[in-house]
Amino acid sequence: MNKRSWSVFAGICGLAMISLSAIPSLAQMPEVKEKPAMYSYVSNWQIPRAQWADMEKANEADKAILDKALADGTLVGYGNDESLVHQQGGATHDNWWASMSMAGLMKVLDQFYASNTVTSPVLASATKHWDLIFVSRYYNWKPGAWKNGYVHVSFYELKKDAPADAVELLSKHLIVPMLEKLLSDGTLREYEIDTEAIHTSAPGTFGIVYVASSPEGLDTVNAAIESSLKTNPFAGPVFGSMTESNGHRDELLRGEGVYK
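Residues in the sequence shown are numbered consecutively from 262, following this note's numbering.
A hint or two may mislead.
[Said to hold, decoys possible] Here are the computed lysine-lysine pairs in the BS3-like style, where the Cα-Cα straight-line distance is at most 27 Å: (1) Lys-421 with Lys-294; (2) Lys-420 with Lys-296; (3) Lys-389 with Lys-403; (4) Lys-368 with Lys-442; (5) Lys-294 with Lys-389; (6) Lys-324 with Lys-294; (7) Lys-294 with Lys-521; (8) Lys-420 with Lys-318; (9) Lys-296 with Lys-329; (10) Lys-329 with Lys-420; (11) Lys-324 with Lys-368; (12) Lys-521 with Lys-318; (13) Lys-368 with Lys-421; (14) Lys-368 with Lys-420; (15) Lys-521 with Lys-329; (16) Lys-421 with Lys-329; (17) Lys-324 with Lys-403; (18) Lys-389 with Lys-296; (19) Lys-408 with Lys-318; (20) Lys-294 with Lys-420; (21) Lys-408 with Lys-521.
[As the list claims (entries may be wrong)] Restraint ranges, calculated between C-beta atoms of paired labels, are given here: (22) Glu-517 with Asp-392: 12 to 22 Å; (23) Trp-313 with Lys-421: 35 to 45 Å; (24) Ser-488 with Ala-332: 24 to 34 Å; (25) Ala-325 with Pro-404: 19 to 29 Å; (26) Glu-487 with Ala-322: 36 to 46 Å; (27) Lys-294 with Pro-382: 23 to 33 Å.
The hints are simulated quantities; they were obtained by calculation from the structure and are not laboratory data.
All C-beta atoms, glycine included, are put in the ideal place defined by N, C-alpha and C.
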């Protein structure tokens, strides 16, 4: 999803915050409620191209720990991805797992440290590595496993004078209603709106993440945004007033995962 699409469409939400009655289509949406916090641990790796096949083998070896944690309720999901749009100095691969508690994330991390997987040759070959921990209160998924899902991530930076509940308002009045519809019709397998739980960068950023079931799903999401724009006369000035235009970044990945 390109920056213009999210930015313009999000402007509809900004105006909806001023007066929902001005946007009947949004006002008629079912009420979106905040969910219990879901935490995600994301481990990013920059792996030399010659070792990419070995990374796939390492991911398979990790499943013994992850499947057990999923079965006993420690985790609600896990997966791995490879980047499709490579950025200079960026990650080529990631591993992630999700839990309804920070303790769940740490228990799985401890198991990896206690195993031999963290010292495997392919991980030792990484030229860069960094970890992130996110928290989401707006998310949903279809239970089960997927392969070759297309993962789209859009990061945004809030302005210093943005409302304290800007992410909540955008989620409730704009992002979640659209993504819920796309989830229900099978276009998406999962979505979440993330903020950092452990701030390794400056506070005030959030991410919109979704997993498309097929490459066509990427176009379907963009078409859904454009269709909504045609039925609403409002554009993006309010969203632009809350976010820094130079703070926007996108990622596109392909991967596999599973949710309970």
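### Restraint status (C-alpha distance of Lys-294 to Lys-521 at most 27 Å)
21 Å, holds
### Query
Is it true that the C-beta distance of Trp-313 to Lys-421 lies inside 35 to 45 Å, as the hint says?
About 41 Å separates the Cβ atoms of Trp-313 and Lys-421, which means 35 to 45 Å holds.
### Query
CA of Lys-324 to CA of Lys-368, is that 27 Å or under?
15 Å, holds
### Query
Quick one: are Ser-488 and Ala-332 within 24 to 34 Å, going by C-beta?
41 Å, violated
### Query
For the pair supplied as a hint, Lys-329 and Lys-420, is the alpha-carbon distance within the 27 Å limit?
42 Å, violated
### Query
Quick one: are Glu-487 and Ala-322 within 36 to 46 Å, going by C-beta?
43 Å, holds
### Query
When you check the alpha-carbon spacing of Lys-408 and Lys-521, does it fall within 27 Å?
Judged against 27 Å, a Cα distance of about 15 Å means the pair holds.
### Task
Indicate whether the distance between the beta carbons of Lys-294 and Pro-382 respects the range 23 to 33 Å.
47 Å, violated
### Pair hint outcome, Lys-521 versus Lys-329 [Cα-Cα no greater than 27 Å]
12 Å, holds
### Message
Can you confirm whether the C-alpha distance between Lys-294 and Lys-420 stays at or below 27 Å?
### Response
Holds, because 25 Å separates the two Cα atoms, which is no more than 27 Å.
### Task
Take the C-alpha atoms of Lys-368 and Lys-421, compute the straight-line distance between them, and say whether it is at most 27 Å.
Since the Cα atoms of Lys-368 and Lys-421 sit roughly 35 Å apart, the hinted pair is violated (cutoff 27 Å).
### 27 Å Cα cutoff - pair Lys-324, Lys-403
20 Å, holds
Consistency with the previously given hints fails for numbers 3, 4, 5, 6, 8, 10, 13, 14, 16, 18, 24 and 27, ordered from lowest to highest.
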